[in-house]
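Protein chains in written order, with my numbering: chain A, 1 to 474; chain B, 1001 to 1085.
Honestly, the hints are just simulated from the structure, not real lab data. For clarity, every value in this text was computed on a predicted model and none was experimentally measured. Worth double-checking, as some hints may not be accurate.
Stated by the list, open to error - Simulated restraints on C-beta separations: (1) B:R1080 / A:A218: 41 to 47 Å; (2) A:L133 / B:R1080: 29 to 35 Å; (3) A:L133 / B:G1039: 51 to 57 Å.
Backbone N, C-alpha and C fix where the C-beta goes; we use that ideal spot for every residue, glycine too.
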Amino acid sequence: MSSADAILPANTAWLLLALFSVLWIALGVYWGRRNKSFEDHALAGRNIGLALGTATAAATWITSNTTMLAPQFALQLGIWGMIAYSTASFGLLLFAPMANRIRALMPKGYTSGDFFRLRYGKLAWAIFLVFTLFYSLTWLVSMAMAGGIVLNALSGIPYVWGMSVILAVCVIYTMRGGLAAVIGTDFIQSLIIIVGIVVVGFAVLSHVSVEEIHANLAAERPALLDVLFPAAIMAIFNNLLFGLGEVFHNNVWWSRAFAFREGVAGKAFALGGLVWLPIPIAAGFIALASGALNVPVPAPDMVGPLVIADVLGMAGAVAIFVIVFCSLASSIDSLLAATSDLVTEDIYRRMINPAAPQQNLKKIAQYVTVALGVFTWAVCLPRIGSLATVLFFAGPLVGAMIWPIVTGLYWRSATSVGAVGGMLLGAGVGLVCYFAIGWYVATLIATAVSMIWVLGCALIAKPRFDWAKLKETA
Amino acid sequence: MLIATRSDFSDARTVYRGSAAGYFLSGLANGEYYFRLEGKSGAVSAPVRLEVMHQSLQRAIWLSAIGMLVTLAIVLTILRGARDE
Chain A
1 MSSADAILPA
11 NTAWLLLALF
21 SVLWIALGVY
31 WGRRNKSFED
41 HALAGRNIGL
51 ALGTATAAAT
61 WITSNTTMLA
71 PQFALQLGIW
81 GMIAYSTASF
91 GLLLFAPMAN
101 RIRALMPKGY
111 TSGDFFRLRY
121 GKLAWAIFLV
131 FTLFYSLTWL
141 VSMAMAGGIV
151 LNALSGIPYV
161 WGMSVILAVC
171 VIYTMRGGLA
181 AVIGTDFIQS
191 LIIIVGIVVV
201 GFAVLSHVSV
211 EEIHANLAAE
221 RPALLDVLFP
231 AAIMAIFNNL
241 LFGLGEVFHN
251 NVWWSRAFAF
261 REGVAGKAFA
271 LGGLVWLPIP
281 IAAGFIALAS
291 GALNVPVPAP
301 DMVGPLVIAD
311 VLGMAGAVAI
321 FVIVFCSLAS
331 SIDSLLAATS
341 DLVTEDIYRR
351 MINPAAPQQN
361 LKKIAQYVTV
371 ALGVFTWAVC
381 LPRIGSLATV
391 LFFAGPLVGA
401 MIWPIVTGLY
411 WRSATSVGAV
421 GGMLLGAGVG
431 LVCYFAIGWY
441 VATLIATAVS
451 MIWVLGCALI
461 AKPRFDWAKL
471 KETA
Chain B
1001 MLIATRSDFS
1011 DARTVYRGSA
1021 AGYFLSGLAN
1031 GEYYFRLEGK
1041 SGAVSAPVRL
1051 EVMHQSLQRA
1061 IWLSAIGMLV
1071 TLAIVLTILR
1081 GARDE
């Protein structure tokens, strides 16, 4: 996009980018001073309280997708699309009781990989690592790429510069400050995003009433109000299960369960889910107002910024720029931290150097963070737009892991054969359906197939798992 | 930009008035639609025909039923918790 089409002058955008970059890096360095061991770096000393815990759960889940894709969902799939997107909050709400259980079963755990290794053995662990690294790296790449594209669309800042600055800033403060910096910055970022979305929502309502929006939709886009809109109905449970799979398996969420103070995890995830729930609805509502406001939308993924800039002018352009930057940073930092911990704990410590001291592990985690940043940057550099769609392949993979995780946490009868078969069969059938039928069934079918296999294996299993095996001390 | 359901544009109405070079339209019901652009001077573009056909509602309901079943089973398993400790 040329700078002439941008809604924010490039000079203002660079100034905002510089101000926030300095702020995040300074906070990261400050919060990182107290980290001595790998446990401090990766899990913030296992001492995160309720306010920070709630904010980090909500902020990490508010990605650039929430502020950009939720309006697109509303514009394409209507009211159901908005609701379908908001069902991703179920992931956090249902993870709340699971996080309490994880904390109780694995008081010394570090990663979700630890759970697979100790609960199901090495084969299931290896499959889990392949699935989760594919998901985490594609999510990381798609976020960094989205960062460059969105900043370019909003302000005309060249793609490579926008992508590089966002990525570099996140790598620096995550590497220096570890999870403490990620959670601290998440707190500030979540406040900025929530205040920004609320202000924008009220600004839109002051320009056009709900009745006008409804009348416009009923006349010009009736399917968006239709209760029986087929594509939208199909999206609901597929999206919901994708969200459950993402939260249940990924180390982004497990590392938080381990890092929260005792008794905090359940409440923090439940409150985080409730805080997150209205964000995509508010963002989607903004998109539905585009017709009544007579804002022309050339491509659905730009509907949010265009409506906001139309309603609020320069102030709106600044607001959306800051909201998008905060949404991107709060997700990229969490992914960098959680993935580097996973690589350090599950690959370096458990496979390569089991005798590594805590101090060395912290250094390794920092090197891995930088390496992940460089890898992501190199993949994003050519701006292959279709790469971002690779993330959708991850739907069947994460859906197939739901049942092995849930039954593994609660049932002694859940078996390794069940977990391995559930993951492979579910993901395999799900991927076939992805290509044969469409994306809107892939996660759903993968989860259903995995469920049947896992439940069948648990039903006929004789051995009972000893929960004490999960209480590994080093 | 005008939209109509009849090819002679006898039931035409304005969808957008302005100078944008692109326009994303969604949420149309099943059926045939015709579009054309009209300039300020009265110049009219050639019409474009569009057919909208939504996906099968029956398939959507079946898939939703499976999704609801799987989701309910997950919720119940988590809320029921560990029983055989």
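Consistency of the hints with the structure:
1. The hint said 41 to 47 Å for the Cβ distance between B:R1080 and A:A218, and at roughly 44 Å that hint holds.
2. At about 32 Å, the CB distance of A:L133 to B:R1080 agrees with the hint of 29 to 35 Å.
3. Taken as a hint, the range 51 to 57 Å holds for the pair A:L133 and B:G1039, whose Cβ atoms sit roughly 55 Å apart.
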